[in-house]
Amino acid sequence: MNYRFIGKSLPRSEDIRLIQGRGRYTADLAPPSAARLFMVRSPYAAARIVSIDASAARAMPGVLLVLTGDSPEVASLGTFTSKLRRKTPDGKPNFEPPYRTLARDRVQFVGDPVAAIIAETLDQAKDAAEALRIEWEPLPAITETKRALDPDAPQVWPEAPRNICFVFEAGDEAAVNAAFAKAKHTVSVTYDISRVTAAPMETRAALAFYDSAAEAWTLYAPVQNPHAVREEAADKVLRIAGNRLRVISPDVGGGFGLKEVPGPESILALVGARLIDRPVLWVAERSEAFASDFHARDNHSTATLALDAEGRFLALRVDTIANIGAYISLNGLNSSTNNLGGLSGVYRTPAIFTRVTGVFTNTQPTAPYRGAGRPEATYAIERVIDVAARRLGMDPVELRRKNMIAPSQMPYDTGFIFTYDSGEFERNMDDALALGDWAGFPQRRKEAAARGKLRGIGLSNPIEISAGPVTGTLSESAEIRFDSTGSVTVTIGTHSHGQGHETSFAQIVADLLGLEPEHVKVRYGDTELIEHGTGSFGSRSAVAGSVVLIKTADRIIARAKRIAAAHLEASPDDITFEDGIFRVVGTDKQVGLREVARLAYTLRPSELDGEHGLAAKMMVAPARPTFPNGCHICEVEIDPETGACAIVRYSVVDDVGRIINPMLVEGQIHGGVVQGLGQMLFEAIVYDDGGQLLTGSFMDYAMPRARHCPSFACHNNEVLTPVNPLGVKGAGEAGTVGALAAVANAVADALSPLGIEHVDMPFTPERIWRAIRDARRAAP
Amino acid sequence: MKPAAFAYAKARSLDHAIELLGTREGARVLAGGQSLIAALNMRLDAPPLLVDINGVSGLDRIERPDGQVEIGALVRHAQALGSQVVARDAPLIARALPHIAHPAIRNRGTVGGSIAYADPAAELPACLLALAGEVDITGPAGRRTVKADDFFLGLFETALGPGEILTAIRVPAATPQMRCGFAELARRHGDYALVGLAACARADGAGLRDSRFVFFGVGATPVRARKAEAVLDARGFDGLDEAVAALADDLHPEDDIHASGKAKRHLAGVLLRRVVREMQDPWA
Ligand SMILES: Cc1cc2nc3c(=O)[nH]c(=O)nc-3n(C[C@H](O)[C@H](O)[C@H](O)COP(=O)(O)OP(=O)(O)OC[C@H]3O[C@@H](n4cnc5c(N)ncnc54)[C@H](O)[C@@H]3O)c2cc1C
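Line order of the protein sequences matches chains A and B. FYI, the numbering for the first sequence is 606 to 1385, going by this note's numbering. FYI, the numbering for the second sequence is 977 to 1260, going by this note's numbering.
Bound conformation, chain A alone (with noise of 0.2 Å):
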């Protein structure tokens, strides 16, 4: 088929009004008459709270309310769950935390919310906080990953001993045991990876509205997914029926996996619209964002490959201590166990076991991040064998290639949790080496060495799961409705919070129906408008969105077919549809979409099969997940004297299958692409050792700026999936789960010539400049 629009870089419909300050956002929203609802935290990372007297602040100028865990309205509240369960070591569930609203007796971590204070204005409400009364009585706490299980570390909850979550396998362990017995190499890595925290512009926000005639409330917030939100508020924790809660998230700025749950903050948002009868708006701060939003990633991980004296890959193990925080946040244990299956990268290696031991510490609930547990996997394969090359005293590209799968081995099992559905990667490689002229690279490397620093080149092979997961992948709906003017509204149950998808999805809605696409209206997050929607997240929405939309327009055009065939005085089997317009085959008698759907509301009831006008609705789940793919190469340079870390050069070649609109892919990518950077050269979250959060603000936990990125050479190879029926694989993550792995590889290659094999990150000055102080001492 050919399309007009599918494939064009068409302009973002949405930019309009987000980069004329027309967007609407949830602060945005608050009527005049919203109260402010302020969070009363937790000063210690491990507390028993004595005691805490609200007398005072009560009576202080412009409360409206003050709740505290103890308040029969928090005290009846559900708690927070997790959606995942795993197994602790004897077998048994995973203990799960009491993750309340507010906390009672004990807090876990700074931040914890202990009170909601809601007042006439933000600043009455800050003052009552300070006049809030609360004996604490300080615990000693554990916040590092690595020590969570020292027998002497803390214990964060007594039912998990040693402070263990979970223990999660995957793999086949003494097919493992057995390839590294007979391997002629065994090579290992041992690394962290940082935590993070998504900071989105906008940060989590909510505002509440209570019906007190209807007993409903709607909430407004930024979620990735408001269908989800509201089963989590509404059922779990609220225990109201869900018609009683609309939620919408409008204008959203950044999610990247971070805006996927009510949070204790909506919910008592809500709570207090409706005690106080009144709007009550919540907006985090940035500094308690930084305190309260869910951190990332936080992995201690050893990875160890196998190989054949030609190297050939014979086995990977990968050991993983994950932090899950001090409670686990809904999604919580995705991130740590649901994408493992990257661990097999592009490559065949016939045995894979992965142990992932969960540990709780006094710190924010991890959850998924831009790539949740993709990059991570990524970096385990990607590292080692960088690792595997240089001792082995291989090429790096020729090991990679050596163990690539072919496209013509494709589909193709990995034999651990993937199967891959398509994709050619050595190609991929290849065009990546060519964009990057990793051949020019010597003498780039002469140069820099010229002007005293050192240059590395590093390659990762991303490939990651997207519209998973593996088990069953999740649907999505959508509803195509023409109005009785002829016009098309869609609604889809993914949402947009950055992405572009209210312009990629016009796009592929005004191909199917061969519409104009500044004449299709995307709306999406509202759970009144939009029946069910499972939300955008995991690189879904461009697969499980038109997937579900290519239904709905088949049973649109069907419809229409019969409502034309009425109009023309045909059988509807005569009637062909193309590019808008519906012949009777033969004739010249013909009937335009828009015409079709006027007609569906003036026609008499006999000739619509007894129903008037032209919509369908559909929920669909795409057959199988699939999978993008690329290759990264990143130059850095490095000045030896002082350690600081530049990153010169980049190039991503990616396979995202089928591209809807090339610019908001190659969007994606950058953004992705900095985020990964970011991670890599600055971002971390940091505690001291009594538990304080040392990263509190913009100021120490530093984020990637334009001028940190060189001017990124992206290419396309677009392998379409036969998985779904427009080809497309996902773009969302793909620039993140690459970019870690490149970068350190690059670091790595730009510090071998001083023996120096692995340097964690964030590549900070002063880690590269003890790296290679300690590399001169070593050396003889």
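Hints in this document: simulated from the structure, not taken from any laboratory. All C-beta atoms, glycine included, are put in the ideal place defined by N, C-alpha and C. Some clues are possibly wrong.
Unchecked claim - To give a feel for the contact side, a few chain A residues facing chain B, derived at Cβ under 10 Å:
#1 S892
#2 E1123
#3 H1124
#4 A1249
#5 L1286
#6 L1299
#7 M1304
#8 M1308
Unchecked claim - Straight-line C-alpha distance at most 20 Å; calculated DMTMM-like pairs for lysine to aspartate or glutamate:
#9 K613/A - E1323/A
#10 K1238/B - D1088/A
#11 K1238/B - D1379/A
#12 K1238/B - E1246/A
#13 K1238/B - D1244/A
#14 K731/A - E1254/B
#15 K978/B - E893/A
#16 K978/B - E890/A
#17 K978/B - E725/A
#18 K978/B - D1159/A
#19 K1126/A - D1159/A
#20 K1058/A - E1254/B
For chain A, the structure is supplied; the task is to place chain B with the ligand on it using the hints.
This is chain B with the ligand only, laid out in the frame that chain A set:
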């Protein structure tokens, strides 16, 4: 984030400002507010009264008295950065200014505020000390001038007494013999320095005299590396290795969240080499 309650008064004149400062113990001058307001919001400070001097006229001038450059306390970083006089006659300061924060902050933050606040990682205090400049102060007891050497007393502690206002700084204007150098290492451009160095000396044949090498980000105040200076004055550029070694006596940086004390000392040595090389051959 919310400051503790405070009173606010806007001064009409310098005298009025001093009078207002006298009305409440612990009253504080408000200049650009880029450091003070953040400190109040983070509850690191809770003064009872802020005396806003932004309406005081005459404090925002850059002048060129004989052999000197005088920068009024209310001169914004951005204003100084755009000044021809500063570029020509106070090149060390001109070199340092782009490293201060970001445009939005430079539009509000003041030169006087930077000196009065005396952040140990800030650029301008180190420049003032390297240039052997001086500070004009007006207070309840009248006017006085304090040499930079006597101004920076401890962590965020200066010779400014209660109720006193810094009105201007003065540095010697550049001469053909004057050599200056500046370098800093920060995580990202515009961040407070991990380590920085502001240096000034008089070229004397192939050597340097009266050198003043001032490090920042390595202690409670800007720190003169006196042993290193002595080595360089005595041995000239040949003494560079020895001067770098002497930093071990001059500097005692402590660990912070971005760098260890050890790393800072190492980086100070790197900066010293770079700055001295630059002063040796300013046209390179
Ligand atoms: C994100 C960020 C990054 C920054 N990065 C840097 C940086 O890299 N380098 C750097 O040097 N600075 C940096 N700053 C600080 C900035 O330069 C400030 O503007 C400066 O330090 C203080 O100047 P101010 O006019 O804002 O003073 P204010 O904040 O108004 O005052 C600061 C203190 O000085 C006192 N004060 C001010 N003026 C006078 C006066 N005339 N007489 C007596 N006392 C006075 C005040 O009472 C107060 O105690 C940064 C600030 C921010 C917010």
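Hints, one by one, checked against the model:
no., hint, verdict
1, S892, "holds (6 Å)"
2, E1123, "violated (37 Å)"
3, H1124, "violated (42 Å)"
4, A1249, "holds (7 Å)"
5, L1286, "holds (9 Å)"
6, L1299, "holds (5 Å)"
7, M1304, "holds (8 Å)"
8, M1308, "holds (9 Å)"
9, K613/A - E1323/A, "holds (14 Å)"
10, K1238/B - D1088/A, "violated (71 Å)"
11, K1238/B - D1379/A, "holds (13 Å)"
12, K1238/B - E1246/A, "holds (14 Å)"
13, K1238/B - D1244/A, "holds (18 Å)"
14, K731/A - E1254/B, "violated (52 Å)"
15, K978/B - E893/A, "holds (12 Å)"
16, K978/B - E890/A, "holds (11 Å)"
17, K978/B - E725/A, "holds (16 Å)"
18, K978/B - D1159/A, "violated (57 Å)"
19, K1126/A - D1159/A, "holds (18 Å)"
20, K1058/A - E1254/B, "holds (19 Å)"
Violation of the numbered hints given earlier is confined to hints 2, 3, 10, 14 and 18; the remaining hints are satisfied by the structure.
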